[in-house]
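Chemist: Here are the chains, one letter per residue:
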Amino acid sequence: MSASFDIVSIDDLAKTIPDGAKIAIPADYAGVSMAATRALIRRRAQGLHIVGVPTSGLQAELLIGAGCVTTLESSALTLGEYGPAPRFTRAVREGTIRLVDATCPAIHAGLQASQKGTPFIPLRGILGSDVLKNHPDWKVIQNPFSDGDDPIVAIPAIRPDIALFHAPLADRDGNVWLGRKRELVNMAHASMTAFVTVDAISETSLFETEEKAAGVLPALYVGKVSLSPNGSWPLPFWNGAKGDDAHMRRYMEMAASDAGFNDYLERYVFSESAMA
Amino acid sequence: MSASFDIVSIDDLAKTIPDGAKIAIPADYAGVSMAATRALIRRRAQGLHIVGVPTSGLQAELLIGAGCVTTLESSALTLGEYGPAPRFTRAVREGTIRLVDATCPAIHAGLQASQKGTPFIPLRGILGSDVLKNHPDWKVIQNPFSDGDDPIVAIPAIRPDIALFHAPLADRDGNVWLGRKRELVNMAHASMTAFVTVDAISETSLFETEEKAAGVLPALYVGKVSLSPNGSWPLPFWNGAKGDDAHMRRYMEMAASDAGFNDYLERYVFSESAMA
Amino acid sequence: MTVADEKKALICLIAGLLRDCNHVAVGAASPIPGAAALLAKAAWGSPMHVNILGSVANNFFTGGGGELFDCAAQGRIDAFFLGGGQIDGSANINLMGRGDYPKSNPRWPGTFGSAYLYFLIPKVILFREEHSRRTLVEKVDFISAPGTSEEGIYRKGGPFGLITSKGYFRFDKNRKRFNLVSVHATNSLEDILDNTGFAFDYLENVPVTPDPDPQLLDLLDRQVKAKIAEVYPNFSNTIFTVTSPD
Amino acid sequence: MTVADEKKALICLIAGLLRDCNHVAVGAASPIPGAAALLAKAAWGSPMHVNILGSVANNFFTGGGGELFDCAAQGRIDAFFLGGGQIDGSANINLMGRGDYPKSNPRWPGTFGSAYLYFLIPKVILFREEHSRRTLVEKVDFISAPGTSEEGIYRKGGPFGLITSKGYFRFDKNRKRFNLVSVHATNSLEDILDNTGFAFDYLENVPVTPDPDPQLLDLLDRQVKAKIAEVYPNFSNTIFTVTSPD
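Protein sequences appear in the order of chains L, C, W and X. As numbered in our numbering, residues 1 to 276 make up the first sequence, in order. As numbered in our numbering, residues 1 to 276 make up the second sequence, in order. As numbered in our numbering, residues 1 to 246 make up the third sequence, in order. As numbered in our numbering, residues 1 to 246 make up the fourth sequence, in order.
Hints in this document: simulated from the structure, not taken from any laboratory. Glycine residues also receive a C-beta, built at the ideal position from the N, C-alpha and C atoms. You may find that some hints are simply not true.
Just the calculated beta-carbon pair ranges, DEER-fashion [as the list claims (entries may be wrong)]:
(1) L/Arg98 <-> C/Gly47: 55 to 61 Å
(2) W/Ser165 <-> L/Thr193: 48 to 54 Å
(3) L/Asp19 <-> X/Pro106: 26 to 32 Å
(4) C/Asp245 <-> W/Asn179: 38 to 44 Å
Bound conformation, chain L alone (with noise of 0.2 Å):
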């Protein structure tokens, strides 16, 4: 609302995200910010609780192979076509890091909780399955408003610190268009705060037209914004970009191997922030 929002280097952006942070991401359909997980791990962040909403992709298996993930909180990690997540698939099998697999409904439901500052919301389905036997935070509760015996799983709130994600503009208010992506309001919402990076910035604002309003973010729930063109890349944008299929077929590749891996990094990462 203020014209003195600030807009940010995607490096400044990465600067203030504080180790040890829970950081809620899309899933990769949804508008990944890999520009700034590049920047995240070029400062070398730390300890990071990455929640995946309600899955994740090429976004948590960078940061997982950079060793910034204490905590990896989804339904899948997933890389779609390119076959299985070798950075995130070596983790597991070495118990580097430390897995709370969901179901997606149920990291909907955990920030809609949180979105509502409810403690939980109860969810059907789940029950019988190792998902719940092996999920930290969730409990079998009775259901208050059946007679008989109605087991029903509760959901507690997931408050992340900050959601990160890729949107296509920001206007100089600091209100974000994000079209039909309500997981990311919802993200935004659940959380303290949101960064996101755009590939343009509006001079004009999203509240104008009754069109565009209807798929703004309001400044309120939005922290930093920086200018990243292109921010998803190598990951496919639905407002706009294609996937760089070349470039994830070289990622494969190169992740296949610890040594492959610390290249790509010092090629495709530390080496960006010259361009930034």
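Knowing the structure of chain L, use the given hints to seat chains C, W and X on it.
Modeler: For chains C, W and X alone, coordinates are given in the frame of chain L:
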């Protein structure tokens, strides 16, 4: 999705709302289908259970006055600056309707519970109020995630038969555009089906652009659409019409007495069918 | 002091109470609180965010009607206003009706979000212009939202104070009583004692509410008037002298 | 029969199972089920609604990533597809990994929404092309989602059947076992018995899966091809002969 989606007349729409139906209706600022309200009165609907989301105004007032309502579940019934709603005030005083008085966020939470197919959502606040004491459905439970005493109100799902509202646009597939009035989306998701009156029909798909798509209720949730230009009259519409101030003042005068109210119905409701 | 001047003085008084807030939300049909929030933002840039429900231009919520309540529960709303047909000495408020519920007579609109927001917004300012034994009562007939809660009840917010056309009270959470801070210039302690249905704390030499800062009044006339007119056209006409357009 | 022909036959077989549905949702990266849903809609106008997650043109959800799950819980999704690295004879599925959790080796992506959708969608079709003792096991190492639940557990949906590259099984909820319905033309009962890690019911003279209806195949080539290409370009290239554009 099928091009064969049926667009019906307002009286045909009202005919398919059965007596005794539980109908969710929006607050006066969010797009009220007054056209459907008048059609319901014309078909002499009986025994309706009205859910004001989260409040209601002229729509519930008219339906109550016309004897269509058995139960009013809402957080308020207000005509705003026009003062106390005469027919509602009378019905309460004489005990001719059943009141389920709630508080706004509990109406939203009850609909969200239905939307999530979960039996209830717990909600903070409310404890110690006489709203809680008198509400027939709410229960106080212990927060299962707290070690100490921590009572919290469990709001059971509210599942209306029909969500009924007015929107700017529908397309030939039955998709409806409602901008950032997302409470209408929630109402529709929570209800068995949605009946919608619209100002206009779009000959192109509302999914054609991402900007428009962000404000769409998909046809999957829509049961009936009726073309009713200015269908919120005499109430204002967020996407166009101003309220008809002169008519509202006239209503307040006429509805002050039983005879006057009957004249009002005769003149503005029953004779409207001639126009339809 | 004309009626318009009195209302302007109330706007300035309330604006001053919002200066330490980041985000103030104002319910529909609350022109004086709404004007105060817009004035504070114009004067001090603080609150930075003002949300006036029912407005299009001054409402930035995009999540539907439930967002206000979620936003409050998230701790993102610092101040809000509540009124009520009855307010009692324990800061309980009644928006439901007089007499025995459910056959209230008269019935008022209903509780709205008060039973929730009163628990969750840190600074809830009770605002009710009519100051009489009819509105300020010993005990409300129906508790739409309680002023205080027992130990152990989750409660992040509650009543900050009460502003009427006659005076300004602060609410003492520990003593669960109102304390008269000041009497408006057009009024007297005696008049307030006569017209208040509940007991409250006060000093015999209670101060007079200070006159509004002329600069603030000037800002209200010059910059805030147009915004108020957008949201509350009728109200704006009654408090601002109609001048020829220039 | 070429590999492309086999895949087309699977598409037609699955399409036939979706004809009684109003709304079919298909997860990301499920080209054969996705093609089948689009084909059924093209052939019979039923299912009327097809939602392919991850697609832009064929995904009509506007409520964010959670809408699929809410929609299922509302009873508005009639059929869905699940797979898994392991599927056992009780229709339990494992999407988590082989070996002892949490140190799975190999680890697969994770459970996604299966632990929820398996309970709520009436017709869940298990689809896994690889038919081997590695994938179809006696007992899964990790239950991402159980195939059946005890009496008294809220459950509106579950496994309808299992389709692999070798055959088509139905799941018998009461007996909690699979029943072999038919063997695909390119295969044999013996081969299926050799390559299935769990016990199942079958007739010695189990039928052969009928050849796909030529009209359906024709429709697939003519009308559905372009839609499939929009969602699954690589897959589309592998099953449709590349022809000169006309």
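Chemist: Are there hints from earlier that the structure breaks, and if so, what are their numbers?
Modeler: Checked against the structure, the only hint that fails is number 2, while the rest are satisfied.
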